[in-house]
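A.B. asks: For the sequence shown, numbering that gives the first Met the number 0 gives the first residue as 0, with consecutive numbering after it.
Please keep in mind that the hints were generated in silico from the structure rather than gathered at the bench. Treat the hints with care, as some may be off.
Below 20 Å or equal to it, Euclidean Cα-Cα: the simulated SDA-like pairs (lysine to any residue) are [what the hints assert, rightly or not]:
1. K83 - A37
2. K83 - T103
3. K83 - N99
4. K83 - D111
5. K83 - C65
6. K83 - N113
7. K83 - Y30
8. K83 - A120
9. K83 - V102
10. K83 - D94
11. K83 - V63
12. K83 - Y98
13. K83 - S100
14. K83 - E110
15. K83 - V57
16. K83 - D118
17. K83 - R54
18. K83 - R43
19. K83 - L67
20. K83 - S46
21. K83 - A124
22. K83 - F61
23. K83 - N44
24. K83 - G66
25. K83 - M55
26. K83 - S53
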Amino acid sequence: MRRLAAIFLPLSPLFLMAGAQPAAAQGESFYVQQYNSASRELARNFSELESLRSRMRVEQDFTVGCGLLSSVIYRLEEMQRILKNMLGYLDQLGDVDAYNSSVTDYNNLIEDLNTSRDDYARLCADR
């Protein structure tokens with residue numbers, strides 16, 4: 000999960016770019032706006048994910064814990080969707096470094112998602 004925290008480090012440069020866009024770059028400003036919006040949505044989902052995981056660590060009821068794990072999987076799937084969109088925006092913007100960094104973040108997220116799904120299947124699916 001610590002790897003997901005690194006997702007937000009490469010995102011900040013585009014927030015700065017948004018204010019520095021020339022008026023003639025209509026297409027580029029659109030993608031920067033979409034990227035920044037997706038970045039805020041990703042941050043909200045990340046915050047919710049951290050909250051769910053914190054609750055899971057202290058939960059005593061197995062059934063409630065499985066429900067929380069299911070919610071974690073949902074949040075990770077949402078983050079996957081958002082990151083996929085962000086990759087498209089970065090591709091359109093031509094920011095190769097941020098794109099490559101985001102691909103790494105996306106792959107880490109997929110790994111975390113698969114682990115959570117495996118945990119759910121192993122612990123909760125038959126209950």
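A.B. asks: For a C-alpha distance cap of 20 Å, please report whether K83 and D94 respect it.
C.D. replies: 15 Å, holds
A.B. asks: Mind checking the alpha carbons of K83 and F61 for me, to see if they're no more than 20 Å apart?
C.D. replies: 33 Å, violated
A.B. asks: For the pair we were handed, K83 and L67, check the Cα-Cα distance against 20 Å.
C.D. replies: Roughly 24 Å between the alpha carbons, so the hint for K83 and L67 is violated.
A.B. asks: For the pair supplied as a hint, K83 and A124, is the alpha-carbon distance within the 20 Å limit?
C.D. replies: 28 Å, violated
A.B. asks: Does Y98 sit within 20 Å of K83, going by the straight-line distance between their CA atoms?
C.D. replies: Judged against 20 Å, a Cα distance of about 11 Å means the pair holds.
A.B. asks: Given the hinted pair K83 and M55, is their alpha-carbon gap at most 20 Å?
C.D. replies: With a Cα-Cα distance of about 27 Å, the restraint between K83 and M55 is violated, given a limit of 20 Å.
A.B. asks: Would you check the hint for K83 and D118, treating anything up to 20 Å between C-alpha atoms as holding?
C.D. replies: 24 Å, violated
A.B. asks: Is the Cα-Cα distance between K83 and R43 20 Å or less?
C.D. replies: 16 Å, holds
A.B. asks: Are the Cα positions of K83 and V102 separated by 20 Å at most?
C.D. replies: 9 Å, holds
A.B. asks: Is K83 close enough to V57, meaning Cα to Cα at most 20 Å?
C.D. replies: It is violated: about 32 Å lies between the C-alpha atoms, which goes past 20 Å.
A.B. asks: Are the Cα atoms of K83 and A37 separated by 20 Å or less?
C.D. replies: Holds: K83 and A37 sit about 10 Å apart, inside 20 Å.
A.B. asks: Tell me if the straight-line CA distance from K83 to S53 falls inside 20 Å.
C.D. replies: 26 Å, violated
When each numbered hint is compared with the structure, violations occur for hints 5, 8, 11, 15, 16, 17, 19, 21, 22, 24, 25 and 26.
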